[in-house]
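Enquirer: Using the hints provided, position chain B relative to the given structure of chain A.
There are 2 protein chains.
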Amino acid sequence: MPRITLEKAAEMLLKNDRVLILMHKSPDGDAVGCGYGLAMALRSIGKKAQPLCGDEIPKMYSYLTDGFEVQEFEPGLIVSVDLATTDLLNGKALEYKDKIELCIDHHGSNTDYAQYSYVDGKSASCAEIIKELLDKMGIVPDKLTADAIFTGVCTDTGSFKFSNVTPKTHRIAADLMELGADSTEISRIMFDCKSRNKVELERMILDTIEFSSDGRVAFVCITKEMMDKSGADKGETEGIAGLTKQIEGVKIGITMKEKENGEFRISVRSSSDIDASAICSQFGGGGHKAAAGCSIYKSLQEAKDAIMTACINALEDS
Amino acid sequence: MPRITLEKAAEMLLKNDRVLILMHKSPDGDAVGCGYGLAMALRSIGKKAQPLCGDEIPKMYSYLTDGFEVQEFEPGLIVSVDLATTDLLNGKALEYKDKIELCIDHHGSNTDYAQYSYVDGKSASCAEIIKELLDKMGIVPDKLTADAIFTGVCTDTGSFKFSNVTPKTHRIAADLMELGADSTEISRIMFDCKSRNKVELERMILDTIEFSSDGRVAFVCITKEMMDKSGADKGETEGIAGLTKQIEGVKIGITMKEKENGEFRISVRSSSDIDASAICSQFGGGGHKAAAGCSIYKSLQEAKDAIMTACINALEDS
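From first to last, the protein sequence lines stand for chains A and B.
With the first letter of the first sequence counted as 1, position 23 gets the number 23 in this note's numbering; the numbers rise by one all the way through.
Every position in the second sequence, counted from 1, becomes a number in this note's numbering once 318 is added.
Bound conformation, chain A alone:
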């Protein structure tokens, strides 16, 4: 399962005329942008190419998917994009799990499941790599392909705010704008657009906010009743886990979400000197130092008390 150069990856794609491109489940802007962007680019030089995802592509990406013709063919080359592990394949895409010949990815944790892989863990998005790959292939992206790639670049960097951004990220964004990418409209759809239901849910969530330890611990909660009442989709709770940590002075932010069968799913975000992963491991969970998760099967009040106590203790020990 060797790692290859980007030139070699470009060569593999140029040699084949029927390319199937796999995307991970719950596709985000980078997955959709890479899947559709690469397919559009390959089609522009006369190849058959089709992106495939086990889940439906969310409506917000309709500027890429509307009018995109489905091509059916016997794949000559099976490629994955932005896919760290085949565990993230589902539905129809899962059928190709063991047949992936080329992987293009930016996750340092990539499990080398493909026959050949190009992995650049320093790339903020997989979309950045797709742009460089097209350069190697001599393909100049058209406007819609540039839109697709820009979508990946801006979503995986939180609009150029995250620590994964490099000078290369900005230079690629500049190139994509010159190729016609509508950065304003894409940014509006990705970052400044929310459903009325989501606004209602956010209002309810803010009503649950509680602080402890002189404002250094903040807690919010999302119950099933709140989800029902607001009418918000499951996908619309994305980003909520970051909310508490944005508040000045907060060292540990806790977001607790009621699931089925008495489960409370807990997300803990912490400042660098406090280990969120150690807190969550007390409840059988885990994750990274700054962001971790666990589940507690108790009543809402008991679950809240348990995680709050663990966080307050961690703060006192730090």
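Keep in mind the hints are simulated off the structure, nothing from the lab.
Only pairs whose alpha carbons sit at most 35 Å apart, straight line, appear in this in silico DSBU-like list of lysine-lysine:
#1 K552(B) with K415(B)
#2 K512(B) with K259(A)
#3 K194(A) with K542(B)
#4 K333(B) with K461(B)
#5 K569(B) with K25(A)
#6 K365(B) with K415(B)
#7 K486(B) with K8(A)
#8 K552(B) with K194(A)
#9 K577(B) with K194(A)
#10 K512(B) with K298(A)
#11 K143(A) with K48(A)
#12 K194(A) with K486(B)
#13 K122(A) with K461(B)
#14 K194(A) with K259(A)
#15 K616(B) with K343(B)
#16 K512(B) with K289(A)
#17 K454(B) with K122(A)
#18 K377(B) with K168(A)
#19 K569(B) with K59(A)
#20 K122(A) with K289(A)
#21 K377(B) with K122(A)
#22 K47(A) with K136(A)
#23 K25(A) with K15(A)
#24 K251(A) with K542(B)
#25 K143(A) with K440(B)
#26 K512(B) with K234(A)
#27 K343(B) with K486(B)
#28 K326(B) with K168(A)
#29 K59(A) with K194(A)
#30 K224(A) with K25(A)
#31 K59(A) with K229(A)
#32 K512(B) with K304(A)
#33 K143(A) with K607(B)
#34 K136(A) with K15(A)
#35 K194(A) with K569(B)
#36 K168(A) with K365(B)
#37 K512(B) with K229(A)
#38 K512(B) with K440(B)
#39 K552(B) with K229(A)
Expert: Chain B only, in chain A's frame:
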């Protein structure tokens, strides 16, 4: 009051050894970034340089202002940055109102108040121009100067989301990162950090949200009581006027803010086919087609009814 080239502006700065740099009142990231960035750059080549603002520089910019030594001198050259009109000078800066020899600005509406002006209305931020100016002067910004300029670039573009962003904006951001600008930390402070009071105010504001005309008109209100109860600063209501227009389906977003002496200050944001300025002009206000304002001196309920009715009518006529 002639317009000059950037080369000529660079020459004027290089010729003088004591430069006073004026910033507008209520300074934002672009004003602070340009004022401090230009001063740091001039100091780096042995000149005396001092930024001056009538208002105190907000605490959030302390990474630029902390440890920045105040220099007192008789100015040899008085420069303004990011200043469209001298109406925006206040306090100590106002004293120099009629003595501005060089203006560096990016407002197309600049009133040509200075002896010589370099204005680039297509530049997303004045900070972009400062970077180009330093290039012309042969000054390579140090880390802190790059931080200052990056602050202007990212704040005036809403972190690269607004329609003023050009490929040049991204290329300058890339260059600044290579010069050491800490884009992650600056972005965090500018965009992902809010006070507990602001969160409390936002919660209260969301509680006032009302929709009309099948969700096409949205209304929120900020009362003096809410300001007092939340403890939020006046500056912390910034950005609130954009909130309602972010909601899917909303064509007209209204934000009503209670001021002193029975005034309700109203901000109207609209989609491109509805003229917010025409709505506000019915109450003696004005502005742009997509964003306008007016004041109504009535009770909260009467003011709300009046503006809501005007908006609903505008929607029906469109």
